[in-house]
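Letter by letter, the chains look like this.
There are 2 protein chains.
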Amino acid sequence: MIEKPYLLFLGDAPDQLAAKVAQGINDWRPGHSVGQFRLPGCGADLGIADLSLAEAREAGAKTLVIGVANRGGVFSQAWKTVLLEALEMGFDLASGLHNLLRDDPDLAAAARANGRKLHDVRVPQVQYPIANGRKRAGKRCLAVGTDCSVGKMYTALAMDAEMARRGLKSTFRATGQTGILITGEGVPLDAVVADFMAGAVEWLTPDNDDDHWDMIEGQGSLFHVSYSGVTMALIHGGQPDALILCHEPTRRHMRGLPGYAPPSLEQLRDLVLPIARVANPRAQVVGVSVNTKALSEDEARDYLARVEERMGLPAVDPFRHGAGRLVDALEGI
Amino acid sequence: MIEKPYLLFLGDAPDQLAAKVAQGINDWRPGHSVGQFRLPGCGADLGIADLSLAEAREAGAKTLVIGVANRGGVFSQAWKTVLLEALEMGFDLASGLHNLLRDDPDLAAAARANGRKLHDVRVPQVQYPIANGRKRAGKRCLAVGTDCSVGKMYTALAMDAEMARRGLKSTFRATGQTGILITGEGVPLDAVVADFMAGAVEWLTPDNDDDHWDMIEGQGSLFHVSYSGVTMALIHGGQPDALILCHEPTRRHMRGLPGYAPPSLEQLRDLVLPIARVANPRAQVVGVSVNTKALSEDEARDYLARVEERMGLPAVDPFRHGAGRLVDALEGI
Numbered sequence: 000m001i002e003k004p005y006l007l008f009l010g011d012a013p014d015q016l017a018a019k020v021a022q023g024i025n026d027w028r029p030g031h032s033v034g035q036f037r038l039p040g041c042g043a044d045l046g047i048a049d050l051s052l053a054e055a056r057e058a059g060a061k062t063l064v065i066g067v068a069n070r071g072g073v074f075s076q077a078w079k080t081v082l083l084e085a086l087e088m089g090f091d092l093a094s095g096l097h098n099l100l101r102d103d104p105d106l107a108a109a110a111r112a113n114g115r116k117l118h119d120v121r122v123p124q125v126q127y128p129i130a131n132g133r134k135r136a137g138k139r140c141l142a143v144g145t146d147c148s149v150g151k152m153y154t155a156l157a158m159d160a161e162m163a164r165r166g167l168k169s170t171f172r173a174t175g176q177t178g179i180l181i182t183g184e185g186v187p188l189d190a191v192v193a194d195f196m197a198g199a200v201e202w203l204t205p206d207n208d209d210d211h212w213d214m215i216e217g218q219g220s221l222f223h224v225s226y227s228g229v230t231m232a233l234i235h236g237g238q239p240d241a242l243i244l245c246h247e248p249t250r251r252h253m254r255g256l257p258g259y260a261p262p263s264l265e266q267l268r269d270l271v272l273p274i275a276r277v278a279n280p281r282a283q284v285v286g287v288s289v290n291t292k293a294l295s296e297d298e299a300r301d302y303l304a305r306v307e308e309r310m311g312l313p314a315v316d317p318f319r320h321g322a323g324r325l326v327d328a329l330e331g332i
Numbered sequence: 000m001i002e003k004p005y006l007l008f009l010g011d012a013p014d015q016l017a018a019k020v021a022q023g024i025n026d027w028r029p030g031h032s033v034g035q036f037r038l039p040g041c042g043a044d045l046g047i048a049d050l051s052l053a054e055a056r057e058a059g060a061k062t063l064v065i066g067v068a069n070r071g072g073v074f075s076q077a078w079k080t081v082l083l084e085a086l087e088m089g090f091d092l093a094s095g096l097h098n099l100l101r102d103d104p105d106l107a108a109a110a111r112a113n114g115r116k117l118h119d120v121r122v123p124q125v126q127y128p129i130a131n132g133r134k135r136a137g138k139r140c141l142a143v144g145t146d147c148s149v150g151k152m153y154t155a156l157a158m159d160a161e162m163a164r165r166g167l168k169s170t171f172r173a174t175g176q177t178g179i180l181i182t183g184e185g186v187p188l189d190a191v192v193a194d195f196m197a198g199a200v201e202w203l204t205p206d207n208d209d210d211h212w213d214m215i216e217g218q219g220s221l222f223h224v225s226y227s228g229v230t231m232a233l234i235h236g237g238q239p240d241a242l243i244l245c246h247e248p249t250r251r252h253m254r255g256l257p258g259y260a261p262p263s264l265e266q267l268r269d270l271v272l273p274i275a276r277v278a279n280p281r282a283q284v285v286g287v288s289v290n291t292k293a294l295s296e297d298e299a300r301d302y303l304a305r306v307e308e309r310m311g312l313p314a315v316d317p318f319r320h321g322a323g324r325l326v327d328a329l330e331g332i
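Residue numbers (numbering that gives the first Met the number 0), protein chains in the order written: chain A, 0 to 332; chain B, 0 to 332.
Extracted from the complex, chain A is given alone in its bound form (with noise of 0.2 Å):
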């Protein structure tokens, strides 16, 4: 768990796309960070408050959350300078880079000096169990792609928004970088050994109330070969209620793997609901989620009208339209 508030360490980010990152934790969790840090040259602006350090302190801050992209996978020593002055000014830091906090010497140094803790959260903090397959109580929704990186993260992050707006039982279940950093917790699951995959799941969405929804962040694809073991242990360890289809209707390949046609939206489903139900057999698919980014206003309205006749369930892009239809999904499971 990684300890709030945060300050957002925007560095010296070339664009706004290099902190998507620090952007998602303040678009899904704005009161979670009391400002930002940027390095001078940063071209990137979360539009909130520029602190230092020590201001950011005075507002409570407890962790320095590194919310943008390295270049070529070092710490440079711009970015050293500040880590390791906040190590001493008693931050915690969180980062979801590949190459880790704890294997740089001097921050390791200046963490075990200070007492302070540096949350690699790309590495498992757990030794989770082997999955039981044990029925849970409570309810859980698991958004699965048609690719990798169509939506569902942010899918699930919408719909738990759209759940708390109606007072809803609803929590996020984090299972990547970013999500991990946007809740201060969750499960790497792409880091994980492979026989406890789906112990990890299980262990993430644990018994709840029979009204609590869990929004469980999906992972890869069942069609994506290189990823798609990652999914299968999420949906059995997950044993979702329901199942919301992510797609990117744009996309002509599978990414990273040119040769390889995206699946249908029918083929995920035809795929994917015999497989949910072994773990759960009232699995259903609730509804579709299109990330018609790369499609105007006009194009996205019709391309969802027809995937909500072809389909038969409610179709909806919830970045440009909300994730309301989503949650009314949910109703009577």
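A couple of the hints might just be wrong.
You can't tell identical chains apart in this list, so a pair holds if it fits in one copy or across any two.
Claimed, not checked - Straight-line alpha carbon distances no greater than 20 Å define the calculated SDA-like cross-link-like pairs of lysine to any residue that follow:
no.: 1; residue 1: LYS134; residue 2: ARG254
no.: 2; residue 1: LYS134; residue 2: PRO257
no.: 3; residue 1: LYS61; residue 2: PRO4
no.: 4; residue 1: LYS19; residue 2: LEU38
Simulated from the structure, these hints should not be mistaken for lab results.
Starting from the known structure of chain A, arrange chain B on it as the hints suggest.
Okay, now just chain B, sitting in the frame of chain A:
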């Protein structure tokens, strides 16, 4: 790669079952071992020469392979005396046990001092790549099960042996501890980090002659919620041309999962085919392998005949009746 030939360490195995790893090695690769080493009170016997460490070294043995389960997950003093002496005499050690050779300080020190290797085959030794899904030359056959422990390894080994008898090109590809000890190499797939599972299987089954078959050892089951992610990665990483369905007809529930009924062979066929065709559009189910150990000879023949009729596929128990008809089914693929 574990150096051959082996001396098979049976230790103080209370009975034959406790030495089933050694039994497997000796059954499938009789030429790999110069003999067995037994401690006083050993209740197992492979029917091969009992050799002292010195005699085995003289006969050329390079590796002492622990072919027996230990009690309570510790190395007893009686074992350690032998293992330390073996390292001093120039043996490498190989083990598939949960407790690792390398984690025992005395064994680790003796291996270092004598320049010997400790092979803990449960631990991946390679930084596997992320799967790229590229179609590889050569052919691949994968056994998939309605459940865990239904004879997938046996089926692949029996088919590999039959291919060899016929002078056809075939390689058994091990994905578990016992299989790795049998062949001396392989991938301990259940210990690989999630993101790299399918890549490990691609690495294990590289490009080969067009008429060469990899007989890939299966793991888990698509219907076993604890391990289905591993099975999925095997199917997508292995991109099999041919699938063999494996089944144990008297199983009442999935192994270790009370309340989970095993699927029918039809359910397995209908689920595995669309999954396999994501990675290899030409994937076919070509046969059924039934573990009929719990049935009489008449019951077995009757059961197999009915499965054959129902499924329209050759159905055999390779242990009882040989793998010939399963190998026949690969012809023309």
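Hint by hint, here is what the structure shows:
Taking CA atoms no more than 20 Å apart as the test, LYS134 paired with ARG254 passes between copies only; the shortest distance there is 16 Å, against 34 Å inside one copy. For a Cα distance limit of 20 Å, the shortest separation of LYS134 from PRO257 across copies, 11 Å, qualifies, whereas the shortest one inside one copy, 39 Å, does not. Within a single copy, LYS61 and PRO4 get their C-alpha atoms as close as 6 Å, which meets the 20 Å cut-off; across copies the closest is 59 Å, which misses it. When the C-alpha separation of LYS19 and LEU38 is checked against a cutoff of 20 Å, the pair qualifies only within one copy, where the shortest distance is 16 Å, while the shortest distance between copies is 63 Å.
Checked against the numbered hints above, the structure breaks none of them.
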